[in-house]
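Asks: One-letter residues, chain by chain:
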Amino acid sequence: MSWALHRIDDRLIHGQVLVAWGARLDPARIWVVDDGVAASAWERDLFREAAPGIDVRVASVAEAATAHAAEASAPRAAFLLVRDLGTARKLGEAGAHVEEWNVGGLHYAPGKEKVNDYVYLDDQDREDAKALLSAGARLIVQDVPASRPQPLGALDPALAP
Amino acid sequence: MSAPLAGEGATPPTKRVPALIVTHADLADALVRAAERVVGSIEDVTLLSNEGLSRDDLQDAIEACVKDWKEGGLLLTDFWGGSCHTCGSAAARRHGEVVIVTGINLPLLLDYLHNRDRLSAPDLAERLQQKGRDSIRVQRGVPA
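Order-wise, the sequence lines are chains D and V. Just so it is clear: in the first sequence, position 126 is 126 by our numbering, and no numbers are missing. Just so it is clear: in the second sequence, position 93 is 93 by our numbering, and no numbers are missing.
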């Protein structure tokens, strides 16, 4: 069981993750993989308290890469959340094998171009996406279970196969 | 806002506990419009939606609202663990006496409006938690 969702979402833990994906996949653990959050005591506490009844583990990319294979065979479901494509890429390069990433929310920021209502990309994002794709990962855009999953390459011409 | 309730008129308006309501979509706006149907026009309540905002942008928007609260205030959000709550928590941490109440509903909002001129932010938050919970009731055996 274990890994039920690997998600790229700049909101990390939030309603869509807890309520929509959580209700469908019933995670026992949520890994928040982010070097910035892992380095900040109050941000670690913020996310650990965000999901009552779920074991929230805040980890750096290096820590998560080390623990990733063991978690894959742990009982019950687990989610892994990163805030951007760059972190997903680093996690893969550090040794974690992720076959599919759910692209759930990369919101607007200056310099980013709209891909759909909840995905905006800049050149660096596209470079990271290409690296993930060429390493064999699938990038599937889907904010909530009820919406239609689409490959990122089908939505963004710059990433078309 | 309608006329103050009996016994509440003596508190100077400067002591009013301000509120920022942060929710998904346009729930905050709809809640306030619904409350206005009950009590009349409402002032000193700020509304914010998380629609389309990244974590950083939502946090900045919340902080811009709460930073001027000299004597504290309430952040009312829709549910625990949502971005409105966690970004609110992050934004409020540098501003003392900002208290967060999650799970806003219409009875809770109305109770805030009725008591914001007489209670401190922490006391009001405790009261609203109880009022919000008490407002959820189940009626069985409804007559046909």
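Treat each hint with caution, since some may be false.
Stretch by stretch, here's where chain V covers chain D in the computed footprint (C-beta under 8 Å, at least three residues) [to be verified]:
#1 28–34
#2 68–78
#3 86–100
If you only want the chain V side, here are some residues facing chain D, beta carbon under 7 Å, derived [what the hints assert, rightly or not]:
#4 Ser54
#5 Gly82
#6 Ser83
#7 Thr86
#8 Ser89
#9 Ala125
#10 Arg127
Reference excerpt, derived from the structure (chain V facing chain D, CB under 10 Å, subset only) [to be verified]:
#11 Asp26
#12 Arg37
#13 Val39
#14 Val45
#15 Thr46
#16 Asn50
#17 Gly52
#18 Ala61
#19 Cys65
#20 Lys70
#21 Glu71
#22 Asp78
#23 Phe79
#24 Trp80
#25 Ala90
Simulated from the structure, these hints should not be mistaken for laboratory data. Every residue gets a Cβ at the ideal spot worked out from N, C-alpha and C, and that includes glycine.
Asks: It remains to establish, for every hint, whether it holds in the given structure.
Replies: Verification of the supplied hints:
no., hint, in the structure
1, 28–34, "violated (count 0)"
2, 68–78, "violated (count 0)"
3, 86–100, "violated (count 0)"
4, Ser54, "holds (4 Å)"
5, Gly82, "holds (4 Å)"
6, Ser83, "holds (4 Å)"
7, Thr86, "holds (5 Å)"
8, Ser89, "holds (6 Å)"
9, Ala125, "violated (17 Å)"
10, Arg127, "violated (22 Å)"
11, Asp26, "violated (15 Å)"
12, Arg37, "violated (27 Å)"
13, Val39, "violated (29 Å)"
14, Val45, "violated (22 Å)"
15, Thr46, "violated (21 Å)"
16, Asn50, "holds (8 Å)"
17, Gly52, "holds (6 Å)"
18, Ala61, "violated (12 Å)"
19, Cys65, "violated (19 Å)"
20, Lys70, "violated (23 Å)"
21, Glu71, "violated (23 Å)"
22, Asp78, "holds (8 Å)"
23, Phe79, "holds (7 Å)"
24, Trp80, "holds (7 Å)"
25, Ala90, "holds (6 Å)"
Violated hints, listed in ascending order, are 1, 2, 3, 9, 10, 11, 12, 13, 14, 15, 18, 19, 20 and 21; each of the other numbered hints is respected by the structure.
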